[in-house]
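*Asks:* In case you want the letters, here they are:
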Amino acid sequence: MSEADLELLSSDSPAELQRLRDGVLLILRRELQDKSLADDLCNEAFRIVLERLRQQPLEDPDKLAPYLAQTARFLARTNQRIARRRRTFTGQQQAIEEFGDPEADPSAATQMDARAKAVRKLLKEMPNIRDREILVRVYLHDEDKEQVCRELGIDESHFRRVVFRARERFRALIEKRYRVSDLYGLAVA
Amino acid sequence: MTDISPKDHDLISRYLAKRLTDAEELMVETRIVKDPDFRSEVELTEALRDGMRELESRGEISPLLTRQTEWWSRPRFVVVASLASIALGLISFLFYQQKDSAPTVVTETLRFERTRSGGLQSDVVWQRTGAPTRLEMRFDVGPEPTDIYRVTLRRTTEGAARPAVDLAIPTSADGEVVLPLDGALAPGDYEIRLEPQPATELDSAVTYTLTVSGER
Chain A
1 MSEADLELLS SDSPAELQRL RDGVLLILRR ELQDKSLADD LCNEAFRIVL ERLRQQPLED
61 PDKLAPYLAQ TARFLARTNQ RIARRRRTFT GQQQAIEEFG DPEADPSAAT QMDARAKAVR
121 KLLKEMPNIR DREILVRVYL HDEDKEQVCR ELGIDESHFR RVVFRARERF RALIEKRYRV
181 SDLYGLAVA
Chain B
190 MTDISPKDHD LISRYLAKRL TDAEELMVET RIVKDPDFRS EVELTEALRD GMRELESRGE
250 ISPLLTRQTE WWSRPRFVVV ASLASIALGL ISFLFYQQKD SAPTVVTETL RFERTRSGGL
310 QSDVVWQRTG APTRLEMRFD VGPEPTDIYR VTLRRTTEGA ARPAVDLAIP TSADGEVVLP
370 LDGALAPGDY EIRLEPQPAT ELDSAVTYTL TVSGER
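The listed protein sequences derive, respectively, from chains A and B. Note that my numbering has the first sequence beginning at 1, numbered continuously upward. Note that my numbering has the second sequence beginning at 190, numbered continuously upward.
None of these hints come from the bench; they were simulated from the model. Where is the CB? At the ideal position from N, CA and C, for every residue including glycine. Warning: the hint list may mix true and false statements.
Okay, derived cross-link-like pairs now, BS3-like style, lysine-lysine, Cα gap no bigger than 25 Å in a straight line [what the hints assert, rightly or not]: (1) B:Lys196 with A:Lys35; (2) B:Lys207 with A:Lys35; (3) B:Lys196 with B:Lys207.
A few chain A positions that, by computed beta-carbon distances, are all more than 10 Å from chain B [what the hints assert, rightly or not]: (4) Glu133; (5) Arg150; (6) His158.
Just chain B, same shape as in the assembly (with noise of 0.2 Å):
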């Protein structure tokens, strides 16, 4: 900061323009000789000249005088955003939608009685959904059922040779033998059979039938 009054700022602006009279002239280079202030402030009102003359040649002062359209309404950007936000709505639209149909496994429980039904309809009859399905047997062995049982479960209709489930299963608390099995079984006839570990006189194997129908 100097001490440069506006009467100076004005007359070395008309100095740089060239317009004083002589008298003017000598006064302002006599004070430019002896007042390093004074001609600091021709130094920087030169600069400040050549600088906008330099930016006039480069076709760079006009666009500055006019108002500039902010960044964010330019074209370009609009379009950049328009297509942004329609790029992310669809993929959230495709994550939802993927959300949405993502497969819920409903658990079915077919339960087996100890009172078989006899005659040729099968035990239980299951209708296949086309839902994801997780099959739970439950199988009633009795009012004194042994510890444990071995379980086989296989397919009749094609007769397969060789049982699809072959376990050993405990007997549950509260007095079942629980089968659960991932994935529904395929339509056909299947054969349970139950045989107690060790087997007793009492509780004897036992074997129940399951029709599946439905579409595979």
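So that you can see chain A by itself, here it is in the shape it has in the complex (with noise of 0.2 Å):
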């Protein structure tokens, strides 16, 4: 990318354009679940955006990041909206996902192992086993704060200081070894 491409992205470094290419990028890794896919639509993204710019620049800097995060999402949705389409129907399609072999990418199962540790480290550390359930019940089943506080009998503070407390030990467990993004990068890999 030359320097007046970094200038239209209003970039003063390559350092900031990666920072911004990693935020696309785990847009698109979350949204496809196929690294090397996310790589090419994340390129195919600078160069939608580029193109854009080049043709009329933006007025407001600010402007870039939704601009980026936008163009990400259309062409993640058409991707999917493609190989929907594309996709041969068998009748049979659950049984053929599920014949995936999942350690087929051992790095991934280890990473994935990793995590697991990590968490049950950090489960078992805590004493109290309603707080174990908070987290179990937001991060696992997706609840929201308000249902979780209800069901419980717990005020909101509690459970701030409980999720807070958590992902701070979880944030340490987990950076021991990896970076939180490597994690997540192999995860889906």
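Mind assembling these two chains? They're in different frames, but the hints should get you there.
*Replies:* Here it is, written out as structure tokens:
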């Protein structure tokens, strides 16, 4: 990417550009669950944005981030629509998907194991069973904060305290060996 | 530690659970692109969720949500601890028994007077007991003893050819000849002869008799 491109992206340095790219990649990886496809579409998103900026630079530099995010999402959803259209329906789709080998990528399996161990250690270290339940309800069952507080009979400050401490502890456990972004990247690889 | 607010955490959780409106989703993704700290929080939350899911797939979540039995009250530990206690008690008891039954050696002193009893009766009659005994024979050798006596002890019941004891023993400071014997003598009659070394006119050889009774 040239200096002119960097200027178009309102970025002073390649490091700044890399930060933008990491954000776009995260959105695409989450949406597509496919690392190499996410890489391709990330490049495509930057190409589209640069071409658009060459024709008409942004008046407000703060709009670059939402523009990139929106472009990435648009590309991801378009790709998913195309993939659905191309899919051959055999009536056995669920069986075919379940046939995949979850251990095909040993490094991904190792990373998954590391995360599971960190979560197990995190939960075991929490002396209060109810606090463990808060985390399970929030992060596993995707329950609302209000619902969790109501059903467990706790106030919001206690909820926030538990979640905050748990996240910090989990971060410490996981960062002992990996950067969080590494874990995430390998998880969806 | 980052500057992510509790509201942001809530937003991230809802984003990952796909419970945001399109507008909220765009707002979150815009922050993911421009704010590295926010992106890091999203990645951390995702890792936490993935770890939870993995644990659940292994069936490890439910046990973590029930109160664990303390290790010291688990049945296996209780059984092992009980057996260990019993074994320890048994070992202690056996040691105690062994110590308690350890033989105690009794010292018995047999005194042989210069004035002989005469007749058929032995000078000294000793009744054996079951306990291990150390015999100490003390002989009165008169007012002017010589320095050394040759002491011989012979069993006469079965006519032993050779003496069981044949020793040269110096006279003690209090004018006695002391013959210590480790182990009790077997039941029977014995003859103990003291010969002054050298023999003098005033002090000649004296023979004492001893009868040991009781069971072997």
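*Asks:* With reference to the structure, classify each hint as holding or not holding.
*Replies:* How the hints compare with the structure:
no. : hint                   : verdict
1   : B:Lys196 with A:Lys35  : violated, 30 Å
2   : B:Lys207 with A:Lys35  : holds, 20 Å
3   : B:Lys196 with B:Lys207 : holds, 16 Å
4   : Glu133                 : violated, 6 Å
5   : Arg150                 : holds, 15 Å
6   : His158                 : holds, 12 Å
Figure legend: structure checked against the earlier numbered hints; hints not met, in rising order: 1, 4.
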